[in-house]
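Peer 1: Below are the chains, spelled out letter by letter.
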Amino acid sequence: MAFIPHTAADVEAMLAVIGARSIEQLFEEIPPDLRSRPLAGIPQALNEMEITRLMSRRAATDRVALSFLGAGAYEHHIPAAVWALATRGEFYSSYTPYQAEASQGTLQATYEFQSMIASLTGMQVANASLYDGASALAEALLMAARIRRRPESRRVLVPRAVHPHYRAVARCITSHQGLRLEEVAYDAATGRTLVEALEPYDGEDLAAVAIQQPNFFGVLEDVDGLAEWAGRRGIPLVAIVNPISLALLRPPGEWLAGADVVVGEGQPLGIPLSSGGPYLGFMATRLEHVRQMPGRIAGRTLDLAGDEGFTLTLQAREQHIRRDRATSNICTNQGLMVTAATVYLSLMGPQGLRRVAESCHVRAGELVSALTGIPGVRAAFTGPRFHEAVLQLDRPVEPVLAALERRDILGGLDLAADYPELGHALLVCATETKTRSDIEDFAAALGAVLEARTAA
Amino acid sequence: MAFIPHTAADVEAMLAVIGARSIEQLFEEIPPDLRSRPLAGIPQALNEMEITRLMSRRAATDRVALSFLGAGAYEHHIPAAVWALATRGEFYSSYTPYQAEASQGTLQATYEFQSMIASLTGMQVANASLYDGASALAEALLMAARIRRRPESRRVLVPRAVHPHYRAVARCITSHQGLRLEEVAYDAATGRTLVEALEPYDGEDLAAVAIQQPNFFGVLEDVDGLAEWAGRRGIPLVAIVNPISLALLRPPGEWLAGADVVVGEGQPLGIPLSSGGPYLGFMATRLEHVRQMPGRIAGRTLDLAGDEGFTLTLQAREQHIRRDRATSNICTNQGLMVTAATVYLSLMGPQGLRRVAESCHVRAGELVSALTGIPGVRAAFTGPRFHEAVLQLDRPVEPVLAALERRDILGGLDLAADYPELGHALLVCATETKTRSDIEDFAAALGAVLEARTAA
Amino acid sequence: MAPPREPLIFHASRPGRGATDQWPREPGGAISIPEGLLRSRPPALPEVSELDAVRHFTRLSQLNFSVDTHFYPLGSCTMKYNPKACNALAMLPAFLARHPLAPESRGQGVLACLHELQGMLGEVTGMQAVALGPMAGAQGEFAGVAMILAHHRARGEFARREIIVPEAAHGTNPATARLCGAVVREIPVGADGDVDLEALRAAVGAGTAGIMLTNPSTLGVFERRILQVAEIVHAAGGLLYYDGANLNAIVGRVRPADMGFDVVHVNLHKTFSTPHGGGGPGAGAIGVAETLAPYLPIPIVGREGERYRWLTERDLPLSIGRLSAFMGNVGVLLRAYVYMRLLGREGLSRVAEHAALNANYLLARLVRAGFEAAYPGRRASHELIVTLRREAREQRVTAMDFAKRLLDYGMHAPTTYFPLLVPECLLIEPTETESKETLDAFVAAMVSIEREAREDPERVRRAPHTLPVRRLDDVRAAKRLDLAWTPDGRTADPPR
Amino acid sequence: MAPPREPLIFHASRPGRGATDQWPREPGGAISIPEGLLRSRPPALPEVSELDAVRHFTRLSQLNFSVDTHFYPLGSCTMKYNPKACNALAMLPAFLARHPLAPESRGQGVLACLHELQGMLGEVTGMQAVALGPMAGAQGEFAGVAMILAHHRARGEFARREIIVPEAAHGTNPATARLCGAVVREIPVGADGDVDLEALRAAVGAGTAGIMLTNPSTLGVFERRILQVAEIVHAAGGLLYYDGANLNAIVGRVRPADMGFDVVHVNLHKTFSTPHGGGGPGAGAIGVAETLAPYLPIPIVGREGERYRWLTERDLPLSIGRLSAFMGNVGVLLRAYVYMRLLGREGLSRVAEHAALNANYLLARLVRAGFEAAYPGRRASHELIVTLRREAREQRVTAMDFAKRLLDYGMHAPTTYFPLLVPECLLIEPTETESKETLDAFVAAMVSIEREAREDPERVRRAPHTLPVRRLDDVRAAKRLDLAWTPDGRTADPPR
Ligand SMILES: Cc1ncc(COP(=O)(O)O)c(C=O)c1O
Ligand SMILES: Cc1ncc(COP(=O)(O)O)c(C=O)c1O
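Residue numbers (my numbering), protein chains in the order written: chain A, 1 to 456; chain B, 1 to 456; chain C, 1 to 496; chain D, 1 to 496.
Bound-form chain A, shown alone (with noise of 0.2 Å):
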């Protein structure tokens, strides 16, 4: 039977000492009418030659293609090392850091992964991770509303320039709590959200701001006047970060007025794109909020013998001590990944993120200049960008992605169904994975695309 050692012997053995006649008796206190049938639904057993045929099939099918897509999710170079290190047995197969001597390899991991966080963000402290970043800033906002210790104050500012699934996910968690999420404009020139749309909330009771830099349409928005707005009325304000544009952009910790809790998707940190998850949602706050933070937390302290060693702590804040006052309901988080992202962070240290960042932000800007020079497509924003934009086109844009597609190119998101607003609109993201034949490869084909329907 795979992956059960006993022997027929075994079996035997252990029932004399159970004093149990069969193993069926063990289950005599389950109904017997409860008792299933066979599990008719379910194939057959496959042994490993045949479920590596199947998968490797399977995995064929799903062909790569020359991508140029973002939207949340980014293709970044991942070093060999990263996963090598990450799927070894001890952090593979071991479970959240309960005991913690016997878990110093994750306990120190997440610790230096922490420090990491903290510093990139600027902020002082950061947890041990989230599920995801819209998860994160489902967190946020709830952490952010038990910041302002106004019971009252329900209401949240959330730009429409948020990645929509965030927002819609961030709906979907905190609407329990009766937090409502209200929908900030964007300027339709610049791609940015505004400080004057912001006014019209002055003197409401609001119980967070949230700001993501770069926005879902890669604009860099005015961070320090929209985090000004919010520190003046004293409201906390929440920073949705993309972690590699730190290394370039002034992180939400020296914003005017800083961030109060900082979340983002580390997905691009080392972590595969596998078609959306696992990802690695991380938070960062304030070492004066730290109370008020989601998720686990590792921290150093000494032994016995007064030597240095990490371990699990302020587990008071969590559920399985607080249970239903715990800051949040997370267990399990994204540890693997936690682990994966510090390896990716340490290889590529302070210079090696610095290139990634402005890498992906110079081949965005080709991207954009060789899109645009083709008759039909223009930039839909002024806005500065980090390492994405979106493009109108003269017409709709999914049979335009379809025929891209059909030469093994994935040529962006279509944005018809989240901003009927824009039109023909098309996100584009170009990171360092891109070259400049592959932006080259990629304008030729929408010249063409776009020539042959004209034509036709």
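Hints listed in this document are in silico derivations from the structure and should not be mistaken for laboratory results. Certain hints may be false.
[Claimed, not checked] Computed Cβ-Cβ distance ranges for the label pairs, DEER-style:
| hint | chain 1 | residue 1 | chain 2 | residue 2 | range |
| --- | --- | --- | --- | --- | --- |
| 1 | A | Pro151 | C | Ala444 | 40 to 46 Å |
| 2 | A | Glu24 | B | Thr61 | 53 to 59 Å |
| 3 | C | Glu458 | D | Ala441 | 32 to 38 Å |
| 4 | A | Glu24 | C | Asp196 | 25 to 31 Å |
| 5 | B | Glu183 | D | Ala30 | 31 to 37 Å |
Where is the CB? At the ideal position from N, CA and C, for every residue including glycine.
Assemble the complex: chain A is given as a structure, and chains B, C and D with the ligands must be docked to it using the hints.
Peer 2: This is chains B, C and D with the ligands only, laid out in the frame that chain A set:
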């Protein structure tokens, strides 16, 4: 600089300690006119992202097909655990276990490997690997000649039914020691090496006799008869075996007159095909001959505290001690493949390995039935088979293979060059990796190809 | 072998050092970002060579206990063997490279796996529909409770806001209920480990939204009167939530749906053997009865003829919504898929049998060795509880001391002090993948520690002795917070 | 952390246990093999679960020192960092799956890599043609000497059967010469580490086939009069063989061809960073001057227009022949290819510089700390030798004792007692991938051991103290042979 950790400050500080002005000065003992110009012929460095893309593209061009190739390298299922374990840094990046106390992992795995090989082959001792099966044969013949203790005996009988590349390698390596390989014919009907074919050598001064079981044609030899012939005459017997087959077949140690030296290719034991290597030559022998054995050997001993541990032993046979009187010049061997094979054999166990051998055998039988059912295809030999067979076609093999390849099938090996006397002969193989439907697909394709060409 | 400690990676950092082969080339273009938005000081990431990093993390890994190296009978966690094939196949390059927003035409392989996984989980739980999005058990619970509340709201029953949980429930249950805006009502458990039916009857009413239960419970015993529980709750208009963390005890033997549950989450990282990874990622797939199906969280994989596609808001307008930016932990789901296919119908029904065999064997042997079962007379499920209250009283050696000392014996400790109900408890879950020899070694270690507790209690109280660190000071950790290394050598200050 | 020892896997074996998911199904057909050819008793392989095997080998691995975990300054072995990318890319599924006899049309990717590798090795060595087949340094040596002899034979010079080797040569040199049927002539080395030119002049003659040298020599110094050596040997009609094991010292700085060598092997598992794997596999590519090119071992990768193909006997009728069943260690070659592309032109010329910097720094610091250099006044190459003859004499603490004690300090020992020429020697090769901090830690450990040797010599003599085993009895190992476990509990008997 890739993989060089020195900062400019490090270099400066180190030079100061050395008392040198520049790194250049460290090379001052090299005559100046010898110092090289830049390596103009080496391309500029790629970073890991770039080489990853390049290699992925190259791998994609070597795409996988449904293969019925064997002929000394066999496609078997390789459990995922094998390489997950063997590539752990502690195995992968360690040296030959010269410092035994710091290498107990490798040493114990090697000792376990030796034990498994000894048991599989029915011999008493095995070494820690040679390069591959073919070079192991060469070493075995040299060893046999030493065992023979008659320096004037230089003739070695090697059946023509032994893998032609093995014979070529043995010739290349042993000829310098004056060994002369003499070819023993096979029986045209059965494909076996008949005892009668040895009779002409009766009374001649032979250094060794080699037997391959199964032989290159996949036919099972009358090993008892052949071994007895050699045994009676006091001629050392070298057996060449497929380790998978030994789960099913009587091991050389139990042949009527047991073999003196057993060698083989360990590739089928969890090692990927990989265009030919790295593979794993193994060698086993009787205890009485152990001091004539080439290659490293791990042994169990005691430590200062009287506890068991492992160390390299009998090193006085080896080049680093005995220099020009060593049993071989081998130093670096195929260590990591030993670890992989040991994991493989542990996972398969006696039952699993037997299942593999049986599946190979049964599938190969089905393959021969299916293919010989096609007009123009017949089996070349009547002897019993393990998992390969020679077929004869009614026309040249090469264009047929080319046509099959266009259908993504690698139909076997054309024997025209090595065995012209067999006419249009094709060596095919099936292992446990082939399903009945794979075999049907092959038969259908071959039928179609032959029909198309007949029609054309 | 591992060095006793490994310095922080920051200590290996030297300005200008780096794994340069990992860096992209100079981009060869200008940065067109307004000065004011740019960072002035680089982040304090370590500057180390690739070898430094590889050596550091390899050595760190060796400081961990793990299933791959040690027996790990952590109760409620199902630390079974994680097959290497599951990892290898989920990490096939084409699966890893696929962007979540890539067209469905370039994802039929992965979608087929997910669709079949939905079906297999439906079969195992008896539920009508399954969604794979939740990223851990707790998120599955959130989805479940949110659906229960949505269901009541859709029927106009806005007052149903109470979620009942037995006092032994896992912390995520009450925390989730609260996160969903529900009011938590705890009910007691009887001395035999079963829910107090009278208390339950008293608790239910017009305010009852539902109950959250795991069965077998966290007490390691099967709730025998589950059908009565279901009847009581259903009769009161509430729904039943099954916390699937303990599914390993019953997979293939009893289906939550047949016990009367309306919604269930399954910790794929427990029963279906996806790895714990030192804390995650997991996956908390959720299954529901017909009534709740319209509320399932999106996305779900649908099938139309031969094609698979994502179902979203458009298909499921009543969905509680989206729980992750994309599709949850797909890589984890693929591992579970491979695992289930490897076990198949036959194998899946052997899991619970042998998990129960191991637990009951361990219980029998421990009791014979003189340890006290928390629920004597009851069959163990896939796990069992012993209470060391006698040892704590007589030798002043606690469950925690036993746990730490077990580490010295080369075994991970069982879960301690959970469930909170049982004093000085060890919740022990051997799982079906461990052999009799390993269980015997565990009993031998327990017996030996018991003897030490009598003869040299200080040795047990000060354990562990052979690990890279001695016992750690948790109180200090929480009081003198040190949560991040900083370049100026000061670590985070104590909070006010 | 690792348990001090791990039992043999055979001890975990239980009849009937097994990793059944690895087994093929029952074949469903008859075995048509004559009874007499079948095995009667199954082989004594372990019967263990997959978890047993994974846990066993994971734990075993942790008992090793390795580059990934420890500084490993083993002289003559070039234990540099093995980039993870090299492994990952050589193990891309399509590369692994390719059958060696698959048509060339299905191997253009791998053939392109090998062809370029041939070219890059030609560039680095200055040789005209390169063959990649030899599976380790020693096999490269075999090919080289065989080619030298073939060359002489082709010119009718059958009497040239002597191979000269300096006494400091690596054991594979004389062993190879003998394997090739040559007569070995050792010549002495002067006190400065250079070859004794007078002795060389006296040794060469009409019987001279060639000389085998490595430069820098195994003494860690560069043979300064190499051009004179070449002249003497060439004038006598002999050829020069370059043992490329020490190429790391000069790669990108001096080319063997320019020094006058006619043939060279390169240990790709040293200079080009393919892993040692606990003993192998390696690759011993061989490069030759024009004159020897016709004799190169087959196969070689040729290029015709845009296509690559194997060159065999047909193309190279004078080839010494075939050294392996197929194409040597292709997977190793791919790793070296990736490594060379990652370093590129610039990087490759930095390797020797920093290898030399590290070695000379270590030498300077050790000498300052009071250790005795074996060749004072000489520059170190990529490695250096200290002799502990004073320590051995005064404290009766030997080089072996130092080596074993270093293990306790968390560092692998340098090579001991090689070259045999230098009494009580440590041959120390730090490699360019180690940082100054690591070298400083090594010096500190040596200084500390030196002090221990004076204050508590027994502690050093009985080292190691912190490893899974204490010092092992090698004499016993060779006397009471125990080379294989057997089911009846008896291990191999002592031989007569
Ligand atoms: C009984 C029980 N319920 C719920 C959970 C929560 O699951 P997760 O950690 O995946 O969020 C756990 C796991 O820790 C558990 O043991
Ligand atoms: C100087 C020298 N020559 C030759 C060799 C032999 O190389 P290999 O071990 O690859 O056969 C070695 C390596 O051990 C060596 O150090």
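Peer 1: Could you run down the list of hints and mark each one as holding or not?
Peer 2: Do the hints match the structure? See the list:
1. A:Pro151 <-> C:Ala444: 40 to 46 Å: 55 Å, violated
2. A:Glu24 <-> B:Thr61: 53 to 59 Å: 57 Å, holds
3. C:Glu458 <-> D:Ala441: 32 to 38 Å: Given range 32 to 38 Å: holds, Cβ gap about 36 Å.
4. A:Glu24 <-> C:Asp196: 25 to 31 Å: 29 Å, holds
5. B:Glu183 <-> D:Ala30: 31 to 37 Å: Because 34 Å falls inside the window, the suggested range holds.
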